[in-house]
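Each chain, written out:
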Amino acid sequence: MFYRQAGDFKTTYRDDIQTFPLKQDRWGYYIVLAIAFLVVPFFINDYWTSAVMLPFLIYAIASLGLNILTGYCGQVSLGTGGFLAVGAYACYKIMTAFPDLNIFIVVLLSGVITAAVGMLFGIPSLRIKGFYLAVATLAAQFFLVWLFNKVPWFYNNSASGQISAPERSMFGFAVTGPNADAPVRYLFCLTFLVLLAWVARNLTRGRLGRSWMAIRDMDIAAEIIGVNPLKSKLSAFAVSSFFIGVAGALFFSVYLGAVEVGEAFGITQSFLVLFMIIIGGLGSIFGSFAGAAFLVLVPVLLKNIMVNWLGWPTDIAVHIEFMVVGGLIVLFLIAEPHGLAQLWRLAKDKFLLWPFPH
Amino acid sequence: MSPDVLYTIEVILNGLMAGVMYSLVALGFVLIFKASGIFNYAQGVMALFAAMTLVGIQNGQVPFSHLINAIFGTHIHHFGWQLPAIVAILLTVVVMIIFAILVERLVLKHLVNQEPIILFMATIGLAYFMEGFGDLMWGSEIKTLDVGLPQGASLALEEYTLKWAAEGSEYYGMYLDKLDMVAALVALALVITLSLFSQYTKTGRALRAVADDHQAALSVGISLRKIWVITWCIAGVVAMVAGVMWGSKSGVQFSLSLIALKALPVLILGGFTSIPGAIIGGLIIGVGEKLFEYSIGPLIGGATENWFAYVLALFFLVFRPQGLFGDKIIERV
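From first to last, the protein sequence lines stand for chains A and B. Residue 1 is where the first sequence starts when you use the working numbering, and the numbers rise one by one after that. Residue 359 is where the second sequence starts when you use the working numbering, and the numbers rise one by one after that.
Don't take each hint at face value.
[What the hints assert, rightly or not] Facing chain B, from chain A, some residues (calculated, C-beta under 10 angstroms):
#, residue
1, 127
2, 134
3, 136
4, 145
5, 164
6, 177
7, 190
8, 301
9, 316
10, 320
11, 321
12, 324
13, 326
[Claimed, not checked] Now the in silico label distances, taken between C-beta atoms and shown as ranges:
#, chain 1, residue 1, chain 2, residue 2, range
14, A, 217, B, 504, 47 to 55 angstroms
15, B, 456, A, 166, 40 to 48 angstroms
16, B, 363, A, 152, 42 to 50 angstroms
[Claimed, not checked] Selected chain B positions facing chain A (Cβ under 8 angstroms, derived; list incomplete):
#, residue
17, 491
18, 493
19, 498
20, 500
21, 579
22, 657
23, 664
24, 683
It should be emphasised that the hints constitute simulated quantities derived from the structure, not laboratory data. The structure displayed is predicted, hence computed values, not measured ones. Even for Gly, the Cβ is constructed at its ideal location relative to N, Cα and C.
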């Protein structure tokens, strides 16, 4: 009834190509942003921050990154865990080597370093694709984790082999370390997410994003019409790794505070982020958010139902969680291969015509 | 001979044995990939599940006992019997066949004509599901699997090789695990059986026809769905063999499912569509990683076995994307 294109006149090309062409969508987006920045910080406590909000924000960044590589450029990667680790260790090394550097810049620099490493491991993608590339990215996963485990320089020779984030602050508020407050950590991650989502959205609909999609849809044809595969594949690897590196840096410094590489950045992380973009929707910015939210919330929900409500032992809850997540992946691939994003799109299309669909 | 040479030979032999174990897993991958074009990530979890089922049936565990106890507050764990190994193995085969039929009915049927990468992701989902399901059914603790295979070092070989070393040098004979040798023999028997089956039986010929060309096979009256069930059954049995071997070697536990990841570089070296390729790829990876660990490992901190296979595969891919024996990749617009 109220959700209509009618009456919303576009008078310039700028208006015509904006991200949210519908007035109601635009307002919805501003309201969500306002709530996220101005309302939520006053209401969240430690439990909500560390169990739901921070994992969601950080995995959403990682999903955006992987979605650029896999969803937009069609290069399947199983090395996400390794690149998250690069981001985390780069962040740690920069934090300890330059104590006076602002944490915001540290996180961005970790992203840049990860982008360089990602490009290095992306070179084989010029020769191989599909499963073969997936296996090649496994090399990144296992080699990087091994490297961070074995070379003491990366963890500053600490006895436990762990890295832990020292306290750093912005505008007088502690962002990392044990004294950081929940709202500050939340806002810090949220800022990165909003900025990066904006970048991702505008990259993917520009010239670069179009060349990625051309490569995804058919690389030989794309090459014939003049898309440079070297440039587009490597740039996809670089941008994707930058996002994942930022996510890794936040994961280590803001969310966990101290990590052990094999535990925090193992192959399961790679699969988790891959599942997020499958469930959310390949090649969709909204899908990255939806998938991350879904896979962060489902385990919390299941755990609350089974452990706190039914009183079952934790190990059974974990097994059932595995079954549910695995089953959902298969179900989504069968019923809706384009994920939650497609469901959202369909719902919006229906709603545009409601209540007179004919 | 000097001890150094003998050590190297020992490392190579042990690598060959480890390679055979990788090949056992890779074999299941190749079978399914040839018949249906599906890259079955769940192969490793199938091996784990088969091994768990075998142990559970053998020891008379009650399936889902933890869940039942949690819901009804009971304390049941065992039926209280101990089955002979051969009966347990046969029952496990039956379970794997039921599993194959269920996978075809519930998953594959609905995913016909999807892109290979979608099918690959579906099998990752399947792997997660089975991991949870297996743990829920039989419990997640580490189990010992004993079906009467010989264990421990081969003393005869150790004494025999003791004489090879030069007089007066410190050498204590070669160490080879008896279980590894049995595994090598089993793998050999498996490959011979499989190739005889696919060469000389009607079903085997149908399998090869499907592998060559789905549509042509359909047009001469071969039922694709039946063939897929049969392939998944065979892959299930191969997974069980791999699960029994790995399970007897290192216990039945979660890490067993990760051997699927180790099988990936093996497949890349051998090519996804070649059974001999799977065996030779496995041997190359096995020998390569053991030799690398023995010669260069100590210089750079050890535990190189974690990644050596993948990096080797990576370099290999850059020069020969289709593997040693794979079909040449031809692309058309």
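Numbers of the earlier hints that this structure fails to satisfy, in rising order:
Violated hints: 5, 6, 7, 8, 15, 16, 20, 21, 22 and 24; rest satisfied.
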